[in-house]
Structures are given as structure tokens and as C-alpha cells.
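J.: Below, each chain spelled out in residue letters.
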Amino acid sequence: MANILIIDDEKDIRVVLKEVLRRAGYDVTLAANGRDGLEKLAADGADMVITDVIMPGIDGVAMVQQIRETYPDMPIIVISGGGNVAPMEYEPGAISTSAYLASATIAGANRTLTKPFERQELLDAVRAQLDA
Amino acid sequence: MAKRLTTLSSRLVLIVLLIHAVLLPALFVALSAVVKQNMADSFVDYARVQGRLLADGLELELDKPQSVLVAHLDSAILGGRIVHASMQHSDIEITSSLTTQSDLATFNEDFEFGEHDDQTYYLSLPVVSANDTALLYLGFDESLTQDNFEDVQRSIILIIVAYLLIVIVAMIYLSATMTQPLNWLQRASRAIASGDYHKKLETDSRLLEIHDLTLDLERMRSNLVKVNARLRHAQRLESLGTLAGGVAHEFNNVLQPLLLYTELALEDLPDGSPIASNMERVLELANRAKGLSKQILTFGRLGDDVELTVMPVTPVVEEAVTMIRALLPANVDLRVDIDSGIGDVRCDPAQIQQLVVNLCNNAFQALVTSDAHIGVSLMSTTVDSKQAAQHHNLHAGEYVVLDVTDTGRGMDAETVERVYEPFFTTQEVGEGTGLGLSVVHGIVRRHDGEISLNSKLGEGTSFRVYLPRVVVAGNNEHEQR
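Protein sequences appear in the order of chains A and B. Mapped onto the working numbering, the consecutive letters of the first sequence carry residue numbers 4 to 135. Mapped onto the working numbering, the consecutive letters of the second sequence carry residue numbers 154 to 634.
Hints were generated in silico from the structure; no laboratory data involved. Do not rely on the hints blindly, as some may be mistaken.
Some chain A residues judged to face chain B by a derived CB distance under 8 Å, without partners named [said to hold, decoys possible]:
id, residue
1, ALA5
2, ASN6
3, GLU13
4, VAL19
5, GLY84
6, VAL88
7, ALA97
8, SER99
9, THR100
10, SER101
11, PRO119
12, ARG122
Here a beta-carbon is modelled for each residue, glycine too, at the ideal position from N, C-alpha and C.
In isolation and in its complexed conformation, chain B is listed as follows (with noise of 0.2 Å):
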């Protein structure tokens, strides 16, 4: 069976309006008897003190004639809340004649307020004087008491209704609040899911719950930004690898003969001739074109690769600076920091040493001042998950870490994004040929590495390159003990 769906708001009130009709006829029903209680008892307590006053004035004049005892009786009816005064003296039924409620022979005394109903409080009362006892019959006037008390069980209706109306006011508000936050973000989510995830979220609400999802949510939003622009860059990549590695493939087609026929040429001619100079021209200018489509494959990683041997990696990070400093013009700073016995990586040690040659060669590029300099430092590290998760290649590990600084010129977002495509160059056209970085990038992928890269404008670009480690099982050594 389908779950039933209802909104947050609908429940909401559906739980309060349920809590409401429990509790309020309950509330009402509550306060009435009490309320209904405390006038009965001042009634009550009203009614015998008048009582007693009249009973206690009548045994002064239990020996006068009855006619003046009549007279004190109607002067009782007189005050107001008495409707019934009779006495009983020696026999004899003295009654007063504004008496409207009820005679002597059904008279029947009251315990309680409102057991009558005629709306009559009966109390009867001894008179006793020195020699003489009568007893004493009064009808007190419930009406006013009973008309009070429905005067206030309106005003309790009246506040549990403006109470009710409060409620319900306070309701709307509430879910308005809560549920506003809720439905934007919603709202927001879907635009997500559906691909539109470039607005930042943010939320003015005060309440914690929405505050934390809403930044869950733009933590997730700025992950999944960050992850869609890396995928989106190494697609990019990967296709411009597919396509130079077309072209090359054709390139490397017309190259062949080219490369054969020149040679061919060459041997034709006698050594020394004109023609035989330019066609040697011609020979190393195929060579270089051979190189170029060799690093473009490098960087597709398309070259007919030499295995990977397991090795120490300080002594080939190490020959490859030498080969750099050699390189370098003799004023340019290279401050070089590599610790020893690091350990051990699987690599192509040539692709290695171009890998760092390429590096210093760009950071040389980029240096404008003459106090800059360059950096190359090589370390071991170990990447927890949390760096992992903030890179595409790097899992949780042991790594090598190269790092080539520079404190050049540094580059903008534009050629950060683009700095690994072949043939993309910030350098005048014939100065460079865009393959440098390219080469980089298709010798971290083809070692299970990963690049990375700091820059500001103006104040330099550090590369990092990651490198698993090969770590050798430790209890191999014991066990061989």
C-alpha cells in the first residue's frame, strides 16, 4: 500500500487542532465546576448567615403577638434575595403573606445549590429563646447566583475561543516559517538534481535545523561544482588526447616515407653537395617533427611504452636536476631540497626526468624578476581520505610528492583551467610548442599520479606531482627472520 503523503504544515495543524479538541471541552467542563463550586459555597455560606441574623432577630420576639412576627418575616422577603418565610411556633403555622414560593407542607431543606428546581434554596432554622422554640422556614432566591454563573461560563467560552483563534493565528505563522525555508529549499535541491547548481544557497532563517541543511546542501552543491569542473576538465583532456593522438597516428603515416625517402636521397648524393645539406635539413626537421608526435602521444599516453620498473626515486629526481642546472642560464636560482630514501616507485625513469625537466623548464619561462626563483623539492607523504576525496587520481596512501615552485609571473584562472591541452602556449608563437605540460600531464596519469597547481598572478605557480609510493609488506621481513 502507497504511503499517504501530507505536508508538514497540514500535519502540523491536524496534531494541534486534535491536541485542541481533547483538551479544551476538558478545560471548560474544569473550570465550570470549580467556578460553579466556589459561587454555590458563597451562597451557601450567604444563605444561613442571613439566616442566622433573621433567626437570632426573631427570638427576641418569640412572645409577641404573631402579627408582629409576620411583619419581621415580610421585612426579610423585603430585603431581596429571601423568597419563602413561614415559622413553626407551638403549632402554629405563622407564614409571611409576600411568601411566592411553595408551602410548609412540601417544605424540603436544602443541602445543596440548585436541588431544586424551582430555583429555591430551602433552609430551615431552629428558633430558640429562654422559654420558648419555634423553627424558622426561608426560600432563598437562587436565580441571580445561577444567571452570575452562566454570565461567567460565556466569558470561559468567550476566552477558550480567543484563545482557540490565537492558536490557530500562531499555527499559520509557524508553519509558515518553518515550512517557507523547507519549501525553498526543496525548491533548490530540484534545481540541483535537474543540473542547475551555479546559484549559491543561502538562507536568512533563524532556525538551527534549516540553518545546517542549508549549509549541508551548499556543501554538497559546491562539492558537486567542483567535481562536474574536474570531470568536465579531464574529459577535455582525454578527448584532445583522442584527437592528437589521431592526428598523429596520420601524421606519423606521412612522416614514414618522408623520413625514408630523404635518407634514400642522402645516399644518392655525394657527400658535400649543396643539395645534400638542405636534404639533411630536411632529415632533422622530420626528426623533429618524429619528437613532436612522440610527446604528443606521451601525453595522450598513446607511446609504445617502456615497462615500469620498481626503483628508488631520489637518485632519478636527482640526475634530472643535474641535467637542469646544466640547462639554466648560470644566474637563475635553483633551490633544490630532496630527501633521501624515500623510497621506492614504480616508473619509467626517462619519463620520470622528463616529467621534472619539463616542470623547471615552464617555472624558468615564467620567471620575469631577477631575484625569483625556482624550487624543486621532493618528499614522502601520506594521503589521508579526506585529501583523497579533494583530487581525481589520489587515493589514500603512501606517495611521493614532487613539488616544482616558481615565484614567476604566475598564471590567471583562464590559463590555469587550460594549461595541460597540447599545443596551448602563453608564449609567442615558434617560442614554445604547447607540449610541455601536455607531456607532464600523460606521464603522472600513465605512473597512477596526479597534478596539481597553486598560481597567483604576479606572485608565482607551484606544481605538485603525486606518485604512489611502492611500500613493501612490512611483516615480509619478519617473517623471513
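Looking at chain A on its own, in the form it has when it is part of the complex (with noise of 0.2 Å):
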């Protein structure tokens, strides 16, 4: 089955979504943070990154345009809360994270949702990708 890699800061969302996607057949490997998720991609390889895009030291942005340079056909979906969130430079006003998430899809993701999703949604993406 597919081998699955997530790369989310925030533990409850890593943990819940690896329970739906091992539900669902997956095999799932988490990494709490870009360095860590980039590191168990070398090693053990992946079928599929799902990747949180607001992360502290790489972001979710970063991680695609580095996942692309090594493995141009890895299937990317980029997720991230709707809303705003302070820039990580320190400029003024907020940056939305739909911003974010464009700059992720230009970057080369192939997929993008906003939280909070439903599992069906996350389930369909993640099917249409592994098969495209």
C-alpha cells in the first residue's frame, strides 16, 4: 500500500490524520517539522507528502520547492488553516493564508485544502492524486 508522508507542527492534527489515512489502507510516516519531514524522505522515501504550508523553520512553501528539486513527480498536498496569520518577516499587517497556499500551488504543489476539511474531502484528494 501506499506510504504516505506528514509533515505537520501541530501534533493533534498529525496524529488524526494519520489514524484516518491508516483507516483507509495507507502506511503513514510523520515528521513534526520540515527539517525532520525532508530527512525520513531521503531515507525511507514516500509515495505522497502531505504537508502542513505554516511551519516554523521551513515552511510548507519551502518544503515543496525542495521536494520538487529531488522528486519532480511526487504527488504534494499542501493544507493549512483558513484565515491570516502575522508574516514570518517582521512586516507589518498579516498575510492571508490563502497567500500561502498559492505560492505552494506555484511552487509545485499539486493540491491544495483548507482546514478544516472532512475526512471524505481529504480521502478524495489524496485517491485522485495516488492515481493520477
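If you follow the hints, you should be able to join the two separate chains into one complex; please do so.
T.: Rendered as C-alpha cells:
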């Protein structure tokens, strides 16, 4: 069965995503941050990557860029909570997460999902990407 | 070189003084000359008439002894103005014993007043009788006339000085009445520039320029107040959107595992178990929370946006109205006036429908009496630059106008000010989310439109939404033919 690598700095989300995907029959590997995720990907490989976009250190957009360098055909789904966040740099104002998702798409993400999504939405997206 | 700045009043004083420095001496000189000429003329006339009278008297006595003639000359001198009287009669020189001025040898006839330094006007007259002739020499005293003339000159100077004083006083008064309101305007505009612009500008000056200037400045000030209020309002909504968006983000990250765990738990539970029905309730509530979060994001324009597409707006609004009719109680009077074929707008139809529904729902909540009604109208309009200036997000051009009105309870100023703020509601806690109009505001902004409202307590409220109308260039069609 396909092996999916999930990268999210929020433990609650990582764990529940793993459980949802495990029940659907996928093998799941978890990573708590971008560096960890890239290391696990290099060591064990994966059939698909699901990554959060707003993370300390390497964020989702940088993740997509780095994964694409080595794995041009890797299916990548980027997820993010709707709304906005304070920018990473010390810029005034706030950046909408949809702007981050748009950047991730430009960087090469195959699909984006805005939290909160339902189980079926996720499973449909995963299946569609693995079949493609 | 820096331009030297002077005050208006000092410049005014300088100009007036300069004018008078030239004008007044000239006036003095001219007046003196005229008066002097006049006085000299009458003196000369007097002297000639007197001289003639004397000569006429002597004519009759030319054949009388010399002593008679002397007595005659003496009496002329005693008459007052004559200081010299003598005669040349057949080579004999007869001189009055009272003569004080000059002797005949140096006698030099005058033609004009003041020709001699000794203040005497000399005149010679022929004395002709039937068989004899003589020459009469007379000297008239000029000093009295001279004194009179100097008196008049002094009077002229006095009048000029008095006039100058009046001018100075008038100038001080004038510059005060003129510059006082100017100074006041200057202080007022300085206050406005430094941010204190809440005091109304009024003047009781009756000078047209000052009056107009004050009116203009007041118009500027009140505009500034309006623009500032609008800006503050927009900034407030902007920061509320940012804040709400930040909260929504965190909220969504919590909601995600909540939703998924509930779905997993439901999967594990046998259908119909009491735990399952409770978990289903949890799922329902989590979905409601998700809906709320979505509305907040719509207000902040942070939702995952559907592309806007150009489409006719009438069917979109008509569909929304059909939906509202179904939602509202049957006894609510909903008056609809939708122009057909008013053109296209670039929109997300679902959001436009939500906008109409939310506005109507808001109107419905405001209804209090049974005869109240809700009005929905849709029409096209052309916004001119004057209208555009009155709204923050309106530009001159073609628009579609959606009006939603109610004859409900209306709103007070404080409510109007805060009406688009998320979670601001006048309803009882739990009855409304306070998101309806926030969502409307977000949708309007996303569509590059503008929303305005008019409300009167006890009379009702009307919302007006402007959406830019997509106008196909007129010559396109033409070229295709």
C-alpha cells in the first residue's frame, strides 16, 4: 500500500490525519517539522507528501520547492488553516493563508486543502493524486 | 534670495504713507499758489481802484496851491493802506509829509504783488485835468495781505495734518477689521493642519473675501472630518478583519482534529447507540463552527476565493429573492422592483446571493409593526465624480445599484458606526451571530463595490450596494460588422 509522509507542526492534526489515512489502508510516516520531513523522505522515501504550509523553520512553500528538486513527480498536498497569520518577517500587517497556498501551488504543489476539511474530502484528494 | 515677508497691515500703512508723502506736499503747494494768486489779484485791484479815486480827486485840485495837494496826499496816507504818496507836477516834486517809504528817485513801478522786498506795492497814475497833467506816485502796504496769506497757509497745514490723522486712524481701523479675521483664519487653518479640526469655522466679518474664504475653509474642514471618519472606520474594520482572521486560523486548526476525531469515533460506534447520536450532535456543532469561521473569513476577504465571473446580475438577484420569499414568514410584505437586463457584473453568484439574503434578513429583524415592509430594488446607474468623491470605494463610471430598505425600527448613530463589525449585534445574546452584515461588507469589498446606509430611528433603514457594471466597449460590435 502507498506510503504517505505527513508533515505538520501540530501534533493533534498529525495524529488524527495518520489515523484517518491508516484506516483507509495507507502506510503513514509522521514528521513534526520540515527538516525532519526531508530527512525521513531521504531515508525511507514516500509515495506522497502531505504538508502543512505555516510551520516554523522550513515552511510548506520551501518544503514543496525542496521536494520538487529531488522528486519532480512526487504528489504533494498542502494544507492550511483558513484565515491569516502574522508574516514570518517583521513586516506590518498579516498575510492571508490563501496567499501561502497560492505560493505553494506556484512552487509545484499538486493540491491544496483549507482546514477544516472533512474526512471524505481528504481521502478523495489523496486517492485522486495517487491515481494520477 | 529669500523673499522678505511683510504683514498685510504694515504693507497697507506703507503704501498709504507713500501716497500721502507725494500727494500732500503737492496739494499744499498747489493750494498755496491758488490762494496767493487770488489774494494778490484782489490786492492789486484794490490798489488800482484806490489809486484811481485819489487821482480823480487830485484832477480837480491840480490848479490849487501845492499845500492843498500835500494835504490831499496826507489824507490818502491817513486813510490806512497807503504808505507813500507823491506827485510830479510841472517838474515839481510834491511829497506827503507822512510818506515813510522810498523816495521818488528810486520809484519803481510794480506790476505784481510782492515784487519789492519792502512789502510795498508801487503804482503811478496820470492825473489829467482840462489844461494840466501830473503823475501820481502811490505805495500800498502789502504786509497785511502777506500776513493774511500766511494765516491761510497755516490753516491749510492744519487741515492737512487733521486729514492725515484721520487717514491714520481709518487705516488702523481698516487693517484691524481686515487682518483680524485673516489672523483668525490663519490660526484656525493652523489648528486644522495640526489635527485639531473639530471646531466649526464661522465668521461675522462682512468682507466678502473673508466670508468666502471662511466658507471654503469650513467646507475643507468638514470634508476632512468626514474623510477621516471614513478612514478610521475602514481601518477599524480592516484591523478587526485581521484580528478575526488570526482567531479563525487558530480556530480552524482546533476544529480540524475535532471534526476528524468525531468522524472516526462515529465510525467505531454501532448505528443507533446513544453515544453515536451524541457524537453526531458534536459533528453538527463542529460543522456550525466551521460555517461561522467561514463567515468571518468572508468578512476579512480571507476565504478560499472562487474566481469571479462576468454574468448578468438580474437572474442572480432574482434567485436570491425567491429564496428569501420562501424563508420569510408569509405575512411579511416584501416589495421587489428589479429591472431586467441591467447588465453584467463580475461576481461570485453564491456570494451575491448571500449578500442579498443577509441584507433582507437584517431588514426582517428590524421590522416591528405589522404594516412595515421590506423593499428590494435593483437598477443600473452612472456614478459621477461628485458622487464618487463622497464614497471611499466608488469611482466615476457604470454601476449596478441594489437597495434593500425596511420601514423597521431604524438605528442610532452608534449602531450605524459599528454595524459592519463582526460579532456586533443589537439582538439578544444567542439570537444572532453579528456576522451577517460583516459578511455583506466583505462580499462588497471583494467585488470592488461600495455599501452605504441611511437610517432613522423609528423610520427604518436603507442599505445601498454599488457593484461595478461590466460595460463592453461600444465600438467592439461596430467593428465586427
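J.: The hint names GLY84 of chain A as touching chain B; please verify it with the least Cβ-Cβ distance against 8 Å.
T.: Given a least distance of 4 Å, the restraint on GLY84 of chain A holds.
J.: With a cut-off of 8 Å, does the beta carbon of THR100 of chain A approach a beta carbon of chain B closely enough for the hint to hold?
T.: Status holds, d = 6 Å.
J.: With a cut-off of 8 Å, does the beta carbon of ALA97 of chain A approach a beta carbon of chain B closely enough for the hint to hold?
T.: holds (5 Å)
J.: Identify whether the interface hint at PRO119 of chain A stands, where standing means a beta carbon of chain B within less than 8 Å of its own.
T.: holds (4 Å)
J.: Measuring from the C-beta of GLU13 of chain A to each C-beta in chain B, is the shortest one below 8 Å?
T.: This hint holds: GLU13 of chain A lies near chain B, its Cβ roughly 6 Å from the closest one there, short of 8 Å.
J.: Hint ASN6 of chain A vs chain B: min CB-CB distance below 8 Å?
T.: Violated, because the Cβ-Cβ distance from ASN6 of chain A to chain B comes to roughly 20 Å (cut-off 8 Å).
J.: Does the CB of VAL88 of chain A sit less than 8 Å away from some CB of chain B?
T.: holds (6 Å)
J.: Restraint: ARG122 of chain A near chain B, CB-CB cut 8 Å. Satisfied or not?
T.: With Cβ-Cβ at 5 Å, under 8 Å, it holds.
J.: Does VAL19 of chain A meet its interface restraint, that is, does its C-beta lie within less than 8 Å of any C-beta in chain B?
T.: Given a least distance of 4 Å, the restraint on VAL19 of chain A holds.
J.: Holds or violated: is there a CB of chain B closer than 8 Å to the CB of SER99 of chain A?
T.: Constraint on SER99 of chain A satisfied, holds at 5 Å.
J.: For the hint on SER101 of chain A, just tell me whether its beta-carbon gets within less than 8 Å of chain B.
T.: Because about 5 Å separates SER101 of chain A from the closest Cβ in chain B, which is inside the 8 Å limit, the hint holds.
J.: Does the CB of ALA5 of chain A sit less than 8 Å away from some CB of chain B?
T.: With a closest approach of 19 Å, the ALA5 of chain A hint is violated.
Figure legend: structure checked against the earlier numbered hints; hints not met, in rising order: 1, 2.
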